[in-house]
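Work out the full structure, taking the sequences as your base and the hints as a guide.
Chains as they are written, first to last, in my numbering: chain U, 1 to 156; chain Z, 1 to 229.
Derived from the structure by calculation, the hints contain no laboratory data. Certain hints may be false.
Taking lysine to any residue pairs in the SDA-like style, the calculated list, with each CA pair at most 20 Å apart, reads [stated by the list, open to error]: (1) Z:219 to U:28; (2) U:46 to Z:153; (3) Z:217 to U:42; (4) U:27 to Z:44; (5) Z:44 to U:67; (6) Z:40 to U:1; (7) Z:40 to U:23.
Chain Z is nowhere near these chain U residues, computed Cβ spacing over 12 Å in every case [claimed, not checked]: (8) 90; (9) 96; (10) 97; (11) 135.
All values derive from a computational prediction rather than experimental measurement. The beta carbon of each residue, even a glycine, is placed where N, CA and C say it ideally should be.
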Amino acid sequence: MSENISSIIDNELKGKDLDHGLNELAKNSSALSSYRTYQMISDIMKNDYYDVNSELTDKIMSRIQDEPTQFNNGFIYNNQSTATIDYKKYLLVFLLGLIAAFGISWAVNNFSNSESTSSSDFLASDSISQEIIEDHFSTTTRNPNHFLEAGYQPNI
Amino acid sequence: MHNLKVVDSTRKVYSENLDTQSKENMNFPPKNPEREIDQKLVEKSQKGDKQAFGVLVEKYHKKLYRLLSRMVRDQSEIEDIVQDSFIKAYRAINNFRGDSAFYTWLYRIGVNTAKNHLMSLSRRPKAMNEVEIEDMENFDDATDLRSYETPESSMMTKEIAATVNETIEHLPEELRSAITLREMDGLSYEEIAEIMDCPIGTVRSRIFRARESIAEKLKPLIETSNKRW
Numbered sequence: 001m002s003e004n005i006s007s008i009i010d011n012e013l014k015g016k017d018l019d020h021g022l023n024e025l026a027k028n029s030s031a032l033s034s035y036r037t038y039q040m041i042s043d044i045m046k047n048d049y050y051d052v053n054s055e056l057t058d059k060i061m062s063r064i065q066d067e068p069t070q071f072n073n074g075f076i077y078n079n080q081s082t083a084t085i086d087y088k089k090y091l092l093v094f095l096l097g098l099i100a101a102f103g104i105s106w107a108v109n110n111f112s113n114s115e116s117t118s119s120s121d122f123l124a125s126d127s128i129s130q131e132i133i134e135d136h137f138s139t140t141t142r143n144p145n146h147f148l149e150a151g152y153q154p155n156i
Numbered sequence: 001m002h003n004l005k006v007v008d009s010t011r012k013v014y015s016e017n018l019d020t021q022s023k024e025n026m027n028f029p030p031k032n033p034e035r036e037i038d039q040k041l042v043e044k045s046q047k048g049d050k051q052a053f054g055v056l057v058e059k060y061h062k063k064l065y066r067l068l069s070r071m072v073r074d075q076s077e078i079e080d081i082v083q084d085s086f087i088k089a090y091r092a093i094n095n096f097r098g099d100s101a102f103y104t105w106l107y108r109i110g111v112n113t114a115k116n117h118l119m120s121l122s123r124r125p126k127a128m129n130e131v132e133i134e135d136m137e138n139f140d141d142a143t144d145l146r147s148y149e150t151p152e153s154s155m156m157t158k159e160i161a162a163t164v165n166e167t168i169e170h171l172p173e174e175l176r177s178a179i180t181l182r183e184m185d186g187l188s189y190e191e192i193a194e195i196m197d198c199p200i201g202t203v204r205s206r207i208f209r210a211r212e213s214i215a216e217k218l219k220p221l222i223e224t225s226n227k228r229w
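Dropping the structure here:
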């Protein structure tokens with residue numbers, strides 16, 4: 001494997017070998033360590049070596065790990081476990097919403113049914129005289145006579 | 001900078017050999033393979049592979065550091081700017097379409113981050129005028145940059161260079177030649193194979209073995225160097 005890493009340093013790996021090598025480099029810390037040392041040797045031999053805090057890459061990668069994962073399809077997740085938590089959270093909210101919708105629907109139906117029933121019961125009730133009911137409607141704006149009785153002149 | 005004198009004789013022999021050969025007859029790779037590798041790593045990062053982005057961090061953090069050391073003197077400030085630049089690059093990785101090389105894109109992010117940092121401190125880039133900043137934005141390689149090493153890091157660098165030099169000196173001839181032609185003359189494996197009259201696989205193996213030998217000698221020094229931070 002390290003031979004492939006050596007070839008990656010030289011940009012001499014191609015095709016599937018390159019994919020393989022890059023995967024190894026990304027996943028295997030000892031491969032990355034070899035890459036780091038080979039790069040150092042290369043820089044030294046080219047008189048291009050520069051001593052930089054060896055913890056700098058760790059600091060950068062620690063911050064990258066805290067970043068939401070970027071996907072080129074537009075989705076962003078913090079990480080796999082967080083994504084699962086988010087999924088569960090949304091499922092819970094969805095289920096609660098569904099239960100609430102059923103509850104509201106059931107309540108509205110029952111309430112409107114009971115209201116209409118009680119209203120008709122009330123109107124048909126013998127305990128209230130028909131005279132009172134008629135008087136009530138005659139004084140409301142729904143009764144056209146009310147306007148005439150009140151002296152309202154429509155502007156025709 | 002620390003020159004490696006030991007390899008000069010090897011280089012001379014093979015360079016003369018190279019001059020006598022017709023370079024036109026060699027099949028040079030049509031594409032820029034380094035850019036191709038970077039593009040693959042970018043594509044992996046765009047698919048959510050943070051470790052692939054880590055390889056890009058590994059590859060370019062020193063070069064970016066050196067570039068920014070031309071604008072900012074304080075080491076801890078440079079480190080912060082390097083970190084911020086990589087975070088910005090990671091956040092914008094989906095916008096990178098490969099129209100330019102990854103490092104050109106990264107360096108521009110780094111220069112802009114440094115400029116913003118200095119502006120926030122009401123400071124100007126040290127000892128640089130606008131023309132020099134423009135030059136730096138077109139910076140393509142870290143070779144000619146001034147370094148601001150501390151005496152301690154300078155000593156460590158000298159020690160590492162001496163170890164590399166000494167190890168190369170004691171390598172078997174075929175390993176020494178292969179790695180020298182690669183690293184100091186920048187020849188491809190194919191070119192080295194033609195010069196050394198051996199298969200490309202042999203060149204690959206020789207360069208790897210040379211690196212492994214040097215790496216083995218460097219191990220204690222690298223551990224010491226890491227402890228300093």
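Violating hint indices (sorted, rising): none
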